[in-house]
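Fit chain S to the known structure of chain L by using the hints.
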Amino acid sequence: MGITIELEVNGQPVKREVEARTLLVHFLREDLNLTGTNVGCETSVCGACTVHVDGKAIKSCTQLAVQCDGAKVTTIEGLASNGELHPMQSAFWEEHGLQCGYCTPGMIMAATHLLDNNPSPTEAQIREGLKGNLCRCTGYQNIIKAVQTAAGAEG
Amino acid sequence: MYPAQFDYKRATSVEEALALLTEADDVKFIAGGHSLIPMMKLRLAQPEMVVDIARIDALRGITEEGDGVRIGALTTHAEIAASSVLHEHCGLIAEAAAEIGDTQVRNRGTIGGNIAHADPGSDLPAALIAAGATVHLQSASSTRTVAAADFFLDLLTTDLSHDELVVAVTIPSLGRSTGCAYLKFEHPASGYAVVGAAAWVKMENRQCSGAGLAINGVTATPFNGNEIAQSLVSTDASDDRIAAAVESVQPEDPMADVFASADYRAHLARVFAKRALVSARDRAV
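Line by line, the protein sequences are chains L and S.
Residues in the first sequence are numbered consecutively from 985, following our numbering.
Residues in the second sequence are numbered consecutively from 7, following our numbering.
Here chain L stands alone, though its shape is the one from the complex (with noise of 0.2 Å):
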């Protein structure tokens, strides 16, 4: 029953046979490894299996690994570099845009995919483009600082 795919994950050549059921958050998380995508409502509401697909951020609970044959996906252990945090990282970091880290991977990565198409967002444009990640610790203040601050804005 397994299909064969072939996408490249954060860089790399991947070649894998899935169930056609398969979600592409498991897929990443169960054959890949790569746990920092987090499985959160799997209802996609709440932001926490954000990654990019061929650059556009979307909720990886609601795709089937099938459905990327061929993609390039972005996870959250793709954006540092040369043990180079990523900015938005980094500004994470600096600004403590989070508490509990759950929600973490996700906005960051919607975070990126922001910028990525509106480097100098205002503060309503930040959280209109993290409307679809929720965090249930920090009331957003410092995240939405962070975003700011990896804008190159004031923080």
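Each hint should be verified, as a subset may be incorrect.
Calculated cross-link-like contacts (lysine-lysine; reagent style DSS-like; alpha-carbon spacing at most 27 Å) [said to hold, decoys possible]: (1) S:Lys-15 - L:Lys-1115; (2) S:Lys-34 - S:Lys-47; (3) S:Lys-15 - L:Lys-1040; (4) S:Lys-15 - L:Lys-1056; (5) S:Lys-15 - S:Lys-47.
Source of the hints: derived by calculation from the structure; they are not laboratory data.
Showing chain S alone in chain L's frame:
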């Protein structure tokens, strides 16, 4: 939550997709998956086979066509929201698409899947009805068109037959001097429309020369308020006239849940119909 097991096939053309429909008893098409996958996870849908149509390029994109716009079924909400062509001809559709879910959802969800699913709290259906859109359907043996106003039959139920695929939606150009507004009372948790009013008003020489109105979320299918909106034609579409017109927004059998009673939804329908018509008129300059 995993979907039940199913066979997966990928179609590279509309013809191939439609031919695959005959290979199993219960076949579903998948594009963005944002209506189907949640249904499959909840086991409310357990198709025997899923046919992936996401790579059929002929079904994608927004193009000017005649005196209007054609939106391929695979066009995502994000693409619709950002479309300069739509903003020029019928900004109402783009404005409603921008209200769907969130960025990630709009990056995957498609107009074809959205209308085929027919969720009453969805944002696009009212905009399509208000704008006078047409849904284009294709089966292995024929093609046909249905007015958006006739497409939605009941809760999660449309005029789409089991042997058909939504291939496109066409929208007539609303022309110059037209203002649009989609205003939504959003469920704070789900983001779906408790009530969402889509309106357009055309103003020429301070007189209304055309208008449309439809409302999501209140009834099982969108409330069609086009006749109510058209009662403003040949008037100045003043606040008072709009307020009087929306008194006719009396939805039959409004939905009720723990968040909003039937009476409250019907009340909100009038409030948002008025606000949407006023906003649309104010933008019609």
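Given the hinted pair S:Lys-15 and L:Lys-1056, is their alpha-carbon gap at most 27 Å?
holds, 21 Å
Does S:Lys-15 pair with L:Lys-1040 here, judged by a C-alpha cut-off of 27 Å?
With a Cα-Cα distance of about 24 Å, the restraint between S:Lys-15 and L:Lys-1040 holds, given a limit of 27 Å.
Does the structure keep S:Lys-15 and L:Lys-1115 at a Cα separation of 27 Å or less?
Measuring from Cα to Cα gives roughly 34 Å; hence the hint is violated.
Given the hinted pair S:Lys-15 and S:Lys-47, is their Cα-Cα distance within 27 Å?
holds, 19 Å
Please work out if S:Lys-34 and S:Lys-47 have their alpha carbons no farther apart than 27 Å.
The hint holds at about 14 Å.
In this structure, only the earlier hint numbered 1 is contradicted, and the remaining ones agree with it.
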